[in-house]
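Residue numbers (our numbering), protein chains in the order written: chain A, 271 to 973; chain B, 60 to 403.
Since the hints were derived computationally from the structure, they do not count as laboratory data. Any given hint might turn out to be false.
[As the list claims (entries may be wrong)] Quick list of in silico lysine to aspartate or glutamate cross-link-like pairs, EDC-like style, CA-CA up to 16 angstroms:
id, chain 1, residue 1, chain 2, residue 2
1, A, Lys552, A, Asp537
2, A, Lys666, A, Glu697
3, A, Lys672, A, Glu622
4, A, Lys833, B, Glu288
5, A, Lys813, B, Glu288
6, B, Lys267, A, Asp834
7, A, Lys909, B, Asp258
8, A, Lys909, B, Glu218
9, A, Lys653, A, Asp668
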Amino acid sequence: MQDTVDMVDDPEYEEEEPSFSDPEDFVDDVEDDELLGDILREKPQEADGIDSVVVVDNVPQVGPERLEKLKNVIHKIFSKFGKITTEFYPEVEGTTKGYIFLEYAAPTQALEAVKNADGYKLDKQHTFRVNLFTDFDKYMNISDEWETPEKQPFKDFGNMRHWIEDPDCRDQYSVIYEAGERTAIFSNDAKEPITVEERARWTETYVRWSPKGTYLATFHQRGIALWGGEKFKQIQRFSHQGVSLIDFSPCERYVVTFSPLMDTKEDPQAIIIWDILTGQKKRGFHCESSAHWPIFKWSHDGKFFARMTPDTLSIYETPSMGLLDKKSLKITGIKDFSWSPGDNIIAFWVPEDKDIPARVTLMQMPSRQEIRVRNLFNVVDCKLHWQRNGDYLCVKVDRTPKGTQGVVTNFEIFRMREKQVPVDVVEMKESIIAFAWEPNGSKFAVLHGESPRINASFYHVKNNGKIELIKMFDKQQANSIFWSPQGQFMVLAGLRSMNGALAFVDTSDCTMMNIAEHYMASDVEWDPTGRYVVTSVSWWSHKVDNAYWLWTFQGRLLQKNNKDRFCQLLWRPRPPTLLSTEQIKMIKKDLKKYSKIFEQKDRLSQSKASKELVDKRRAMMEDYRRYREAALQIYQEQKSIRLELRGGVDTDELDSNVDDWEEETIEFFINEEIIPLGDLYFIPQKLWKILPSSQYNGAECIS
Amino acid sequence: MKPILLQGHERSITQIKYNREGDLLFSVAKDTVTNVWYSVNGERLGTYNGHTGAVWCVDCDWDTKNVLTGSADNSCRLWDCETGKQLALLNTNSAVRTCGFDFSGNIIMFSTDKQMGYQCYLNFFDLRDPQQIDDNQPYLSVPCSDHKITSAVWGPLGEFVIAGHENGEINQFSAKSGEVLKKAKEHSRQINDIQPSVDLTIFISASKDNTAKLFDSTSLDHIKTFKTERPVNSAAISPIMDHVVMGGGQEAMEVTTTSTRIGKFEARYAKMWQFASLLNPTASTNITQSSLEEGITNSAFTTSSPHLSSFKFSCKGWVPVIEFNLFTSHRLLQNKGREVRRGL
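Work the whole structure out from these sequences, hints included.
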């Protein structure tokens with residue numbers, strides 16, 4: 271015993287120290303580049319001076335009398351970027367040739383000069399072209415013959431939309447649990463989730479699905495990885511040290527990654543746009559703050575992406591990743607912008623500036639044509655809310671009208687599909703907690719008021735532009751609105767501080783289908799088909815009772831899935847339907863026919879499942895019974911030993927040694943009641959005259 | 060089922076135990092007193108006075124002759140059950156965490172805490188040899204340097220002790236050589252309680268890792284797992300039904316800062332064969348669930364009456380009187396704190 275426990279002190283263990291030296295025949299086959307590529311890149315280079323030379327073209331050609339003046343001007347412009355050690359003005363027949371050579375003290379200064387002075391306009395005729403001297407060499411050496419790039423072998427990842435072909439139309443979702451240690455993909459089933467894939471340390475922080483559900487992105491210190499296909503094989507890797515945020519283009523062609531590390535002046539790497547299919551880096555951008563992620567907003571078809579910087583809106587186009595029409599839009603004071611999810615229309619707003627009113631502008635891209643401008647007054651803040659199809663835009667305008675205290679909110683509803691884009695206004699005096707459009711309809715929901723008097727209002731935007739209040743529920747415990755992705759149904763949730771109150775609403779007739787609670791719920795996630803909804807308590811926000819619950823859209827609880835330190839659940843999005851609107855209409859018309867088939871199928875699987883469950887339990891019981899029988903047999907065999915140990919007394923059954931029992935009488939003090947006689951007498955004395963003598967005698971009997 | 064309330068301790072109860080017949084119930088608490096009660100009506104029979112620190116454990120031998128208690132006052136004491144006389148005082152270097160009589164009642168074991176620079180020891184005394192007691196010299200002392208023993212019971216036939224450790228390990232220590240006969244590492248966190256079945260062939264372990272597990276006593280084979288959402292403080296196997304009972308809740312340190320709602324203090328019955336198989340741990344069927352205001356620290360089944368089980372509750376905050384409930388099938392009277400000698 272002593273030996274096994276005190277293994278550490280065993281002298282043998284101390285003597286043997288492992289040898290760290292390589293065996294004699296060891297050949298180092300690891301490239302330095304592979305081992306410490308990131309450090310090698312920063313290795314100082316020997317500067318031979320050539321790197322510090324720039325060539326400036328389009329310099330005015332002057333004679334000797336004006337050369338001094340030219341030199342002064344050039345010096346003034348170019349010494350901004352560093353110390354010029356030599357300058358050379360080639361001459362032919364007394365006049366300069368029109369290009370000059372400048373040498374800086376360091377290659378970085380030369381680079382700076384190229385970056386900033388290239389395209390410098392000296393005057394109307396002379397625009398400088400500045401290049402590195404070494405670049406000339408580089409570009410001269412390019413072979414004239416076209417070398418066909420080597421053909422990359424085609425990697426077959428199988429059917430990337432395998433999950434859509436599920437015969438039971440199950441949707442998938444990703445779950446991160448055990449505080450991020452484990453990630454799993456489940457197929458959703460009303461009975462219980464079916465594990466598709468489960469891996470330890472699949473991601474270091476969290477995961478993201480691409481907009482159409484093709485890829486799952488995982489985060490790592492070195493970059494991100496995309497997974498997909500039937501078995502979730504790795505599809506692509508993007509090396510971006512310290513990546514913390516990503517964003518997919520809606521078309522799934524590009525992915526934008528952000529890392530707070532690794533940004534250098536000459537090589538912008540804070541934001542990188544990658545081509546998903548080739549894995550190539552398309553372009554890098556600088557970024558000072560990631561506070562308003564995504565910094566680049568994509569148009570619905572992925573053709574354009576835009577970024578806002580103070581007073582400018584830069585729109586880039588794909589696949590060139592260059593600025594649209596080579597210039598940004600100058601919009602003084604721009605506060606926020608947003609793409610329409612249905613068309614290439616951009617909406618942005620600028621606040622009031624002295625006498626100029628605040629303005630909301632809708633601009634067609636790429637024509638840059640303003641299709642609607644709306645002026646607003648006394649504006650404090652604006653929020654842009656697009657309906658998912660881009661049919662409507664709601665601009666939530668917080669105003670402080672003249673002569674009043676406090677903020678009034680206007681909902682300016684833009685009807686995008688009509689000529690001239692008419693605008694209607696709904697005014698609300700109460701503070702607004704949440705606003706949400708019905709994803710594919712013309713209704714919107716608003717939570718307004720002050721806790722505990724929070725009201726939920728539902729509005730309908732009619733064809734004639736009239737906005738009608740359909741229903742208002744008062745005194746709701748809610749701070750968030752979650753519409754079903756198919757519209758009509760929604761969950762009003764009071765997350766976190768409101769203890770996880772849930773109300774399931776059908777907005778077609780505005781009824782509360784169910785009121786429930788998932789205590790301390792922090793998230794609500796609809797499945798992409800709108801059949802199920804999941805509420806969850808994430809370990810990231812609350813440390814106990816981490817679980818996700820599955821509900822039907824009507825608010826019937828189907829499953830409670832407790833997962834140790836559950837963190838996050840994300841449904842796998844579905845690509846848009848391939849059916850036309852007519853086909854969908856037809857299906858809706860024939861719904862009764864289909865539902866019959868499905869109901870039958872459900873019943874079948876249900877009876878099968880319950881039979882399976884019964885069988886399983888039977889098997890479990892049988893297993894246990896068999897084990898007990900074996901154990902009891904051994905127990906019986908040991909009876910003699912037991913008898914011996916207890917001096918021949920059989921104690922196997924409580925009454926097996928009943929003959930040895932001695933009768934024992936135990937007396938218990940059960941109860942004692944003390945009734946004070948005086949009190950008893952006192953009451954009858956009062957009643958003396960009223961009570962007939964017989965009753966009086968009765969009282970005497972008691973005492 | 061009407062519970063009887065027993066009031067006789069002023070601080071948290073640490074362990075309760077029935078004697079073999081189930082007519083007596085022993086309870087120990089942090090208030091240094093050991094109480095013995097009639098289980099039939101909850102009347103207090105008497106007390107064993109002498110300990111000067113919190114009493115962590117208690118056991119009674121098979122013929123209800125001797126009682127063994129272990130305490131944080133660095134001593135393990137042997138009492139005459141009937142008269143309450145202290146028969147032996149075994150001093151240790153650190154607190155005594157677990158104690159027990161073997162099947163024959165001749166050999167006792169107790170384990171000490173790893174504290175004040177002393178490591179955890181598992182000590183064995185043979186009561187038939189008075190010299191061992193007089194010299195305070197165990198015939199076998201097993202050191203456990205890595206992880207201290209948090210719960211321990213004797214295996215069948217007194218051949219070995221089943222000990223649960225701080226790290227969730229369960230070991231069988233031979234009572235003859237001190238060797239580790241078998242090891243099981245099924246739990247990931249501290250074992251809070253180990254209780255055997257009536258015939259000692261199986262036992263259930265309650266762990267901080269939110270599960271209780273059923274093991275075979277001899278082979279240490281894992282049979283079933285019972286999952287809950289909270290740390291399990293105590294678990295017991297019903298002597299006559301295929302049931303186990305589990306009690307638990309938030310850790311005592313967190314009790315006062317969380318509402319009872321979050322804490323989930325409840326005793327939970329689970330049908331043994333139905334819950335747990337490793338294949339399908341989610342198929343839990345609770346026969347009954349009772350929500351209790353305070354945390355359960357220990358529980359016990361009697362061996363006799365089918366309906367008699369009992370829990371005890373730790374105190375929440377500073378409640379001066381600690382109570383525990385006896386759930387019985389009979390409607391019985393309630394009696395508070397009367398000392399009665401066991402009638403002859």
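Hint check:
1. Simply put, Lys552 (chain A) and Asp537 (chain A) have alpha-carbon atoms about 13 angstroms apart, close enough for the 16 angstroms limit, and the pair holds.
2. Proposed proximity of Lys666 (chain A) and Glu697 (chain A) is supported: the alpha carbons are some 10 angstroms apart, at most 16 angstroms.
3. A distance of roughly 14 angstroms separates the Cα atoms of Lys672 (chain A) and Glu622 (chain A); the hinted pair therefore holds under the 16 angstroms criterion.
4. A C-alpha spacing of about 9 angstroms is found between Lys833 (chain A) and Glu288 (chain B), which places the hinted pair at or below 16 angstroms, so the restraint holds.
5. Of the pairs offered as hints, the one joining Lys813 (chain A) and Glu288 (chain B) holds, with about 12 angstroms between alpha carbons and a cut-off of 16 angstroms not exceeded.
6. At most 16 angstroms may separate the alpha-carbon atoms for a hinted pair to count; Lys267 (chain B) and Asp834 (chain A) meet this at roughly 13 angstroms.
7. For the hint pairing Lys909 (chain A) with Asp258 (chain B), the CA-to-CA distance comes to about 11 angstroms; that is within 16 angstroms, so the pair holds.
8. Only pairs whose Cα atoms come within 16 angstroms are accepted, and Lys909 (chain A) paired with Glu218 (chain B) is accepted, the gap being roughly 15 angstroms.
9. Of the supplied pair hints, the one linking Lys653 (chain A) and Asp668 (chain A) holds, its CA atoms being roughly 9 angstroms apart against a limit of 16 angstroms.
Of the numbered hints stated above, none is contradicted by the structure.
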